[in-house]
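Given chain A, work out where chain B should sit, using these hints.
Residue numbers (my numbering), protein chains in the order written: chain A, 15 to 395; chain B, 15 to 395.
The hints are all genuine.
Just so you know, same-sequence chains aren't split out, so a pair can sit in one copy or run between any two.
With a Cα cut of at most 20 Å, we get these calculated DMTMM-like pairs of lysine to aspartate or glutamate: (1) K125 with D97; (2) K16 with D58; (3) K42 with E25; (4) K322 with D289.
Don't read these hints as lab results, they were simulated from the structure.
These numbers were taken from a predicted model, which means no experiment stands behind them.
There are 2 protein chains.
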Amino acid sequence: MKAEIVSIGTELLLGGVLNTNARYLARKLAELGVDAERQTTVGDNPGRVAEVFAEAFRRADVVITTGGLGDTNDDITRASAEDFMGGGAGRTILPNRRGYAEGFILESGGKAIIALPGPPNECEPMFANGAAPWIRARVSGTIRSRTIRLCGIGESSAARAIADILDSQSNPTVAPYAGRAEMYFRVSAKAGSAAEADALTAPVADEIYRRLGEYVYAEGEDATLAGTVTAELLRRSLTIALAESCTGGLLSSAITDIPGASGTLLECAVTYSNDAKIRRLGVPAETLARFGAVSAETASAMAEGAAKRSGADIGVSVTGIAGPGGGSPEKPVGLVWFGIRYNGVTRTEGRLFGGTGGREAVRARAVSTALDIIRRSIKEI
Amino acid sequence: MKAEIVSIGTELLLGGVLNTNARYLARKLAELGVDAERQTTVGDNPGRVAEVFAEAFRRADVVITTGGLGDTNDDITRASAEDFMGGGAGRTILPNRRGYAEGFILESGGKAIIALPGPPNECEPMFANGAAPWIRARVSGTIRSRTIRLCGIGESSAARAIADILDSQSNPTVAPYAGRAEMYFRVSAKAGSAAEADALTAPVADEIYRRLGEYVYAEGEDATLAGTVTAELLRRSLTIALAESCTGGLLSSAITDIPGASGTLLECAVTYSNDAKIRRLGVPAETLARFGAVSAETASAMAEGAAKRSGADIGVSVTGIAGPGGGSPEKPVGLVWFGIRYNGVTRTEGRLFGGTGGREAVRARAVSTALDIIRRSIKEI
Numbered sequence: 015m016k017a018e019i020v021s022i023g024t025e026l027l028l029g030g031v032l033n034t035n036a037r038y039l040a041r042k043l044a045e046l047g048v049d050a051e052r053q054t055t056v057g058d059n060p061g062r063v064a065e066v067f068a069e070a071f072r073r074a075d076v077v078i079t080t081g082g083l084g085d086t087n088d089d090i091t092r093a094s095a096e097d098f099m100g101g102g103a104g105r106t107i108l109p110n111r112r113g114y115a116e117g118f119i120l121e122s123g124g125k126a127i128i129a130l131p132g133p134p135n136e137c138e139p140m141f142a143n144g145a146a147p148w149i150r151a152r153v154s155g156t157i158r159s160r161t162i163r164l165c166g167i168g169e170s171s172a173a174r175a176i177a178d179i180l181d182s183q184s185n186p187t188v189a190p191y192a193g194r195a196e197m198y199f200r201v202s203a204k205a206g207s208a209a210e211a212d213a214l215t216a217p218v219a220d221e222i223y224r225r226l227g228e229y230v231y232a233e234g235e236d237a238t239l240a241g242t243v244t245a246e247l248l249r250r251s252l253t254i255a256l257a258e259s260c261t262g263g264l265l266s267s268a269i270t271d272i273p274g275a276s277g278t279l280l281e282c283a284v285t286y287s288n289d290a291k292i293r294r295l296g297v298p299a300e301t302l303a304r305f306g307a308v309s310a311e312t313a314s315a316m317a318e319g320a321a322k323r324s325g326a327d328i329g330v331s332v333t334g335i336a337g338p339g340g341g342s343p344e345k346p347v348g349l350v351w352f353g354i355r356y357n358g359v360t361r362t363e364g365r366l367f368g369g370t371g372g373r374e375a376v377r378a379r380a381v382s383t384a385l386d387i388i389r390r391s392i393k394e395i
Numbered sequence: 015m016k017a018e019i020v021s022i023g024t025e026l027l028l029g030g031v032l033n034t035n036a037r038y039l040a041r042k043l044a045e046l047g048v049d050a051e052r053q054t055t056v057g058d059n060p061g062r063v064a065e066v067f068a069e070a071f072r073r074a075d076v077v078i079t080t081g082g083l084g085d086t087n088d089d090i091t092r093a094s095a096e097d098f099m100g101g102g103a104g105r106t107i108l109p110n111r112r113g114y115a116e117g118f119i120l121e122s123g124g125k126a127i128i129a130l131p132g133p134p135n136e137c138e139p140m141f142a143n144g145a146a147p148w149i150r151a152r153v154s155g156t157i158r159s160r161t162i163r164l165c166g167i168g169e170s171s172a173a174r175a176i177a178d179i180l181d182s183q184s185n186p187t188v189a190p191y192a193g194r195a196e197m198y199f200r201v202s203a204k205a206g207s208a209a210e211a212d213a214l215t216a217p218v219a220d221e222i223y224r225r226l227g228e229y230v231y232a233e234g235e236d237a238t239l240a241g242t243v244t245a246e247l248l249r250r251s252l253t254i255a256l257a258e259s260c261t262g263g264l265l266s267s268a269i270t271d272i273p274g275a276s277g278t279l280l281e282c283a284v285t286y287s288n289d290a291k292i293r294r295l296g297v298p299a300e301t302l303a304r305f306g307a308v309s310a311e312t313a314s315a316m317a318e319g320a321a322k323r324s325g326a327d328i329g330v331s332v333t334g335i336a337g338p339g340g341g342s343p344e345k346p347v348g349l350v351w352f353g354i355r356y357n358g359v360t361r362t363e364g365r366l367f368g369g370t371g372g373r374e375a376v377r378a379r380a381v382s383t384a385l386d387i388i389r390r391s392i393k394e395i
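Looking at chain A on its own, in the form it has when it is part of the complex (with noise of 0.2 Å):
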């Protein structure tokens, strides 16, 4: 089966949304190993809707729209669709539990259009509970995928420790791909059955756990560093505190965004000033004044007062120079020191964050760095 992906909303053409759907769509269809090689946007117009389409099936066999649903925009996606398929084609209704706008998909001639909404809300559950059942149906062969998640590494030093793996794949094919302070391997593979191609993955996967596995925090398409780590402390019952500076609260709400963390994170203090440091942490004022609110020293007193302060099993500091201001030569901006403290024991790691991306990846980069920290760290405990 070879598919394309449209989109259709003026909106996308003036860069007022950002188009996730793309993106959504073109994973799925690789993880159902549908080839889709073209992705298209077009505004909410009738005629360059059709012209797209006629494009897209002299290519393809099935066109999956997003948007262009609905009264708001006159239903721009139905009517084009069923111009273009004529009067004969054959109708299945997508419900769509999310929103009003019914989806749908129109067949005619071994040709079909997938409708799908435009919020992302919508069009995601519609898609797995609705398009990808009727294209699994028509896809010959099984593929099957494992996403194997690494932190700790970057892509090219990941990418490199498996080059002769990635030069000679073929079926499974291996795929590196990075964000901005994990990365993570797919390995897919095309078989007849789910068994056998499992059974071509596994000897892949395996080689890989066995040069990169200390990196590997989970596997799955949806899994998190924050989810991997909250769900190992609520499953061991350990309780944690956390201590920020320089990432403000972002690792906080790193945990806190996964359901039922509050079983797990007792607190946490935002201390940006040195005042809230001594007051709130109980770091001592000579500690600061003698290293710095930067420095190994002041990053240990902060996790242990907030191990202490809270009465939590393990806690946690960040403290560091997000930038663009406040670096020096012997402290630049990146530069950023972790303390955890666990078990009555305290231990402190250095980071710096170079590279472009500024304030927000200095600040990313330590969120992701602190968590990997706590997954290796509870490992011991």
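Chain B only, in chain A's frame:
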């Protein structure tokens, strides 16, 4: 000038990365007054890129590409562009200050390919510094836009309030854009000079202010609610302390995302547990027992505790039920109480954030609402 955006990258077709470049370029082209009626994404494949160039130039004068530059993908964009434009094309190099791959503009016979790198932090400055001036010099007339940003009102209510303006628009045009908890109107006029265009937008913008001024927090393409509130706190030398429950550090991280926030934010206590609310903020155990953690009374005590214990001019609290669990008939998921203490007075506001989007949406809307409460309150100080 008619332009099209062509994103080149197999990773985009596999859903490995989100195409933020297309949105950025779409927005910038709209601001420059350039029509861009089609966006296409295609893989790192010379034949398919050539096909896309041929199709795009049947409709447009200028094709702007992202990705496919540099060694990792065999410089496919450069090779395809040179093939397409032929040997006689004029070339302008676009330097890359953030990475290794140079961009370029290739011109021939009234058509041009502008090639930009894939990483957004390289693509965006290269467009702004290299491509935008080239385009501006070739566009007839001037487009001037005003972006009027609102919070505390939904998109549909705001659009209803100016329905007659939205309906009758031509020059200037007025378009509403909705975010998760904020929205904006963009008022754009085209004229022979900037002054003439500004004269066209002014009366329409004035009328929007007349009807919806109380909800307007800022104007500008890059303005954010957190940035506006933080700048105003800094300008007025007001210090603030936060007490977060359901938002779990998200409010604090929104403020600390702004460089210089340390000048106003003294500290934030993320107090998830009742015990932390009592110990860190001095919320009376009796208040928690009698009214519950999600109540006006607890929000009030949290805001008071935040202000008093830190010595900040303003104390702000957020306590609510983000879900998916924890709701009851009396206190459903989405109920959030806010407290603000300033000038010795504590006020509270309760909101019920319904609709779709789940935990993440409740938390995001709670953050925007808290920022809006701070914004409105400091007007009165």
